[in-house]
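Participant: Below, each chain spelled out in residue letters.
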Amino acid sequence: DAKTTQPPSMDCAEGRAANLPCNHSTISGNEYVYWYRQIHSQGPQYIIHGLKNNETNEMASLIITEDRKSSTLILPHATLRDTAVYYCIVRTLLHTGANSKLTFGKGITLSVRP
Amino acid sequence: EAQVTQNPRYLITVTGKKLTVTCSQNMNHEYMSWYRQDPGLGLRQIYYSMNVEVTDKGDVPEGYKVSRKEKRNFPLILESPSPNQTSLYFCASSHRTSGRSYNEQFFGPGTRLTVL
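Going line by line, the protein sequences match chains H and E. Its first residue numbered 1, the first sequence is counted upward by one per residue in the working numbering. Its first residue numbered 1, the second sequence is counted upward by one per residue in the working numbering.
No wet-lab data here; the hints were simulated from the structure. Certain hints may be false.
[Unchecked claim] Selected chain H positions facing chain E (Cβ under 7 Å, derived; list incomplete): (1) G43; (2) P44; (3) Y46; (4) N99; (5) K101.
Think of the CB as a built atom: it goes at the ideal place given N, C-alpha and C, for glycine as much as any other residue.
So here's chain E without its partners, still in its complex pose (with noise of 0.2 Å):
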């Protein structure tokens, strides 16, 4: 089944303590995102990469580190979170655009994350 995977789910941590939250995808998509999400403010973009070794700053992205070592995994990561990165994370992937593509984009199922 063609799907993007996210883990942890939920987490609840301290601050300044390092996390990551891993993303997969077995679509073999070249294009990965990071989303947050907050009431009233709608789903802001963190990172992008467009493919391996390729990353760039979305809207928001104080706060937060990403790597791409893999086409399938774009793992966020929270060196010193703190409680306003408290939100609801959403990862998405999608074959990378082209002139004719309507670049469906898939999302993973979210992860819940509080910072105290």
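This is chain H alone, in the form it adopts within the complex (with noise of 0.2 Å):
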């Protein structure tokens, strides 16, 4: 899997947009970017994942560069409780059978000031 580059942190004031952006300069054409966050001591969470097309859901926006060597997630209204570290992820669609262990690097923790 691709490795990724997060800044360590970021914040962003309540109620303002947060642009968190990862770097995976190294993915392939098969490989799909993952972002999930974990506040503080909880279970990781799966926010969002794309490919090559921008997506959209209920939490978040990513956008991913045409040449896919870069994505943002948007956070479009932050709150107080979108304080959390967020990871990017870049894997592949695993075969069956395959494990499917998510490698989380150290993420990028985004501090929301009120």
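Hey, can you piece these two chains together into the complex? The hints should help.
Facilitator: Structure representation (structure tokens):
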């Protein structure tokens, strides 16, 4: 699986959009970009994933550059409860029978301030 | 509500005293897995199970055992805990991967274990 690079931390004001970057310059054509988050010592939570098109769900939007070497997770209206570590993970869709292990890096710590 | 539950949530024990951390999911998931999380080391997989009676080692299996007798349960067993197993443990589950599955994993709330 391709390696990802994220800045260690960032902050944003409550109610504003939080834009979390991720670099994955060695991504290959069959690898997806996934985002999970972990709110202080709770279990990680799936947010969104994408291949090359931009994706949106009830939690966030995912913008992937045309060359797929980087992406941005957007929380449109950040709240205090969005304060967490956000992990960008790149991996293929696995064949049936493969270990679905997730490899978490250090992630980016998002602090939402009042 | 779809969820993964773990018990206990907190446990303090002593070296050598056998313990079991339970994990249960109500989503009929085939795949289940255990991770431990330590400062500076991130989440590391201990064991995983592709289905009932099918288990395999992850990256850090030493000192742990698992069993998968029922689809919903995947207990983690520490036969003789040692202080280096002090950690935060997470159970996770998902549907078994397929070529069209994005494989969202659901994590339990965590078990904080301290071995003295």
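Participant: For every hint, state whether the structure bears it out.
Facilitator: Hint by hint, here is what the structure shows:
Interface restraint check for G43 of chain H: the shortest CB-CB distance to chain E comes to about 3 Å, inside 7 Å, so the restraint holds. Hint on P44 of chain H holds. Least Cβ distance to chain E is approximately 5 Å, under the 7 Å limit. Taking 7 Å as the C-beta cut-off, the interface hint given for Y46 of chain H holds, the closest approach to chain E being about 4 Å. A distance limit of 7 Å between C-beta atoms decides the matter here; for N99 of chain H the minimum to chain E is near 6 Å, and the interface restraint holds.
A distance limit of 7 Å between C-beta atoms decides the matter here; for K101 of chain H the minimum to chain E is near 5 Å, and the interface restraint holds.
When each numbered hint is compared with the structure, no violation occurs for any of them.
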